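Novice: For this one, chain A is given, so just place chain B on it according to the hints.
Single-letter residue listing:
There are 2 protein chains.
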Amino acid sequence: MTVPPRRSRDVGQLVALARDGDPRAVARLLTLVENGDPLLPAIAAALAPYTGQAQVIGLTGSPGVGKSTTTNELVRAYRAAGHRVGVLAVDPSSPFTGGAILGDRVRMQDHATDAGVYIRSMSSRGHLGGLSAATPQAVRVLEGAGCDVVLVETVGVGQAEVEVASLADTTLVLLAPGMGDAIQAVKAGILEIADVFVINKADRDGADATYRDTQGMIALGERAAGQWRPQVVRAVAFRNEGIEDIVAAVAKHRAWLVETGEATARRERRAAAEIESIALGVLRARIGGLGEASVLDALAAAVAAGRLDPYAAADAVLERLHPA
Amino acid sequence: MTVPPRRSRDVGQLVALARDGDPRAVARLLTLVENGDPLLPAIAAALAPYTGQAQVIGLTGSPGVGKSTTTNELVRAYRAAGHRVGVLAVDPSSPFTGGAILGDRVRMQDHATDAGVYIRSMSSRGHLGGLSAATPQAVRVLEGAGCDVVLVETVGVGQAEVEVASLADTTLVLLAPGMGDAIQAVKAGILEIADVFVINKADRDGADATYRDTQGMIALGERAAGQWRPQVVRAVAFRNEGIEDIVAAVAKHRAWLVETGEATARRERRAAAEIESIALGVLRARIGGLGEASVLDALAAAVAAGRLDPYAAADAVLERLHPA
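Chain order of the listed sequences is A and B.
Quick note on numbering: the first sequence equals residues 1 to 324 in UniProt numbering.
Quick note on numbering: the second sequence equals residues 1 to 324 in UniProt numbering.
For reference, chain A alone in the conformation it holds in the complex (with noise of 0.2 Å):
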């Protein structure tokens, strides 16, 4: 068994057997890295020399769209061409457990056996319909782990979609026929983080209708001369239909993002946003900390009680912060 490292230096050694391949230092990483270990920094700094290289890609789509069966696919034909594969499986919390509740991640269990495959399902800890913090943590110990593909997949509810649209080179959305139409996907905004759109169980009533209106929608949207026009493709996952298509519209993408230099900017862009959550997240620790201190508690009854603006409020919380 892999001890649990108390020091940084232990850190250096999980990290070096997990690029070993050794599965129980990549779940370890990942338990530290979603519990929010205070070694997370030391974890990032000994990955940071492996990390930048994966393909990340981003699977999201209604409750029953199919996305766990798609995802299963897709992890089987990246592992025929060879790659190493991780999966992270983000799930809304449950109100009674606080972990993921369904069982259809069970299906993974396909590729439990595959040394070629690292599997996690990631709480989404409250943050309700939202990616976890520690979802690019994770990615980066897949990466360290020596990943090239890394699927993330997320149930597609609001904020998910664009953390994870955020967090990926290419997104796929689901559709299904009979799940809601076009305009619920326009509704949501989904025109603008879907880099491919897949309809799955195209085998249905429906699907042709589907298609017709998901490609209709991406003519009306506007993108500039050079811009990526989201591809759609259909697919029956379940029957293993489509996915080489799926494969191929990502493998389309993926040229156009490195041919525009738009990979490099993207990552730029998603290491920027982790950056400022980092510090972001740092801050906002400072502030809570003032509630210990009863400074914001003092405020928040002035402000509830209509003696203060929470303008004023937050001038007096910020001058705490860093006195001038």
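For the record, the hints were derived by calculation from the structure and aren't laboratory data.
Fair warning: this is a prediction, and the values are worked out from it, not measured in the lab.
Even glycine gets a Cβ: it sits at the ideal position worked out from N, Cα and C.
Among the hints, a few may not be true.
Chain A stretches covered by chain B per the calculated footprint, using a threshold of three residues with CB under 8 Å from any CB of chain B [what the hints assert, rightly or not]:
1) 20-32
2) 36-50
3) 205-214
4) 291-298
Residues of chain B clear of chain A, computed beta-carbon distances all greater than 12 Å [unchecked claim]:
5) Ala16
6) Leu17
7) Pro23
8) Arg79
9) Glu143
10) Pro177
11) Arg204
12) Glu244
13) Lys252
14) Thr260
15) Glu276
16) Leu299
17) Ala300
18) Tyr311
The calculated label-pair distances, taken between Cβ atoms and stated as ranges, are [what the hints assert, rightly or not]:
19) Arg286(A) - Ala224(B): 47 to 53 Å
20) Asp245(A) - Ala273(B): 42 to 48 Å
21) Arg212(B) - Asn240(A): 34 to 40 Å
22) Glu259(A) - Gly12(B): 54 to 60 Å
23) Glu244(A) - Gly206(B): 37 to 43 Å
24) Asp148(B) - Ala248(A): 40 to 46 Å
25) Ala265(A) - Lys252(B): 36 to 42 Å
26) Ala16(B) - Ser294(A): 33 to 39 Å
27) Val282(B) - Ser294(A): 50 to 56 Å
Specialist: Just chain B, lined up with the frame of chain A:
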């Protein structure tokens, strides 16, 4: 026509007009708030003495569940009871126009000539599935304008539900038969935010099953002694059936809030969150400013290339933000 305020002292005038019931002054204040005008702190300061009293009711649910119709009927009911009512309808932005795309807000024109009702559609401004950051301030404007009931209606996708619940005294979650089963509600963590479930379209097939599933979910949920047990109400909003039951359930919840002291506690938590959010907004802008000075950009490029880890980069950002 109301002259747009240019200076802080005009804000006082505008707030005074709004308090006198001038709808153009209210509309002008809402626009300033929605645009994040630099006068926002002055507006908040002028409104502060008149805030903290209104009953804020959140209303959320999946698209097509009947939110607008229910809101419309609730406005009618609260008006009949002599209340001044404000409505904020937060729609996800269209990727095409940046505005709300659905026309069902038109139904609200029922109340267009009623001086006791203010209605405002707010875009969610790219904050996908979330409320506009301006929403808490917009509630303050409506409170300042004398509304003692403010309804905040939002599409129930992910983050928006949590946000509307954190804003509201009482949160209504609308369900309808055939709109997805109870397990989806559990997945979305909806049990944690609903004070009252409304089974709308209760005349349809499957309504009894939806009612039973919802009750079953509530029965399974753990809650401490004295905690609120979510109510379940049936309605057919478009025929104005069950509206009085919704109003009664909201009143019961309000009585519980006041009795337990939770009303004040919620308002103080809300104020604390609002202060924190404003303070973090200021800090985020300062970090963004580092991007313009290309400090953040350089750090992001280093992280993207694997030369630096994001925690070390965040430390560098924080040092720049307020040098020790």
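Novice: If a hint holds in the structure, say so; if it doesn't, say that too.
Specialist: Evaluation of the provided hints:
no.: 1; hint: 20-32; result: violated (count 0)
no.: 2; hint: 36-50; result: holds (count 8)
no.: 3; hint: 205-214; result: violated (count 0)
no.: 4; hint: 291-298; result: holds (count 3)
no.: 5; hint: Ala16; result: holds (16 Å)
no.: 6; hint: Leu17; result: holds (19 Å)
no.: 7; hint: Pro23; result: holds (23 Å)
no.: 8; hint: Arg79; result: holds (25 Å)
no.: 9; hint: Glu143; result: violated (9 Å)
no.: 10; hint: Pro177; result: holds (16 Å)
no.: 11; hint: Arg204; result: holds (17 Å)
no.: 12; hint: Glu244; result: holds (30 Å)
no.: 13; hint: Lys252; result: holds (22 Å)
no.: 14; hint: Thr260; result: holds (16 Å)
no.: 15; hint: Glu276; result: violated (5 Å)
no.: 16; hint: Leu299; result: violated (6 Å)
no.: 17; hint: Ala300; result: violated (4 Å)
no.: 18; hint: Tyr311; result: violated (4 Å)
no.: 19; hint: Arg286(A) - Ala224(B): 47 to 53 Å; result: violated (31 Å)
no.: 20; hint: Asp245(A) - Ala273(B): 42 to 48 Å; result: holds (46 Å)
no.: 21; hint: Arg212(B) - Asn240(A): 34 to 40 Å; result: holds (38 Å)
no.: 22; hint: Glu259(A) - Gly12(B): 54 to 60 Å; result: holds (57 Å)
no.: 23; hint: Glu244(A) - Gly206(B): 37 to 43 Å; result: holds (39 Å)
no.: 24; hint: Asp148(B) - Ala248(A): 40 to 46 Å; result: violated (60 Å)
no.: 25; hint: Ala265(A) - Lys252(B): 36 to 42 Å; result: violated (54 Å)
no.: 26; hint: Ala16(B) - Ser294(A): 33 to 39 Å; result: holds (35 Å)
no.: 27; hint: Val282(B) - Ser294(A): 50 to 56 Å; result: violated (22 Å)
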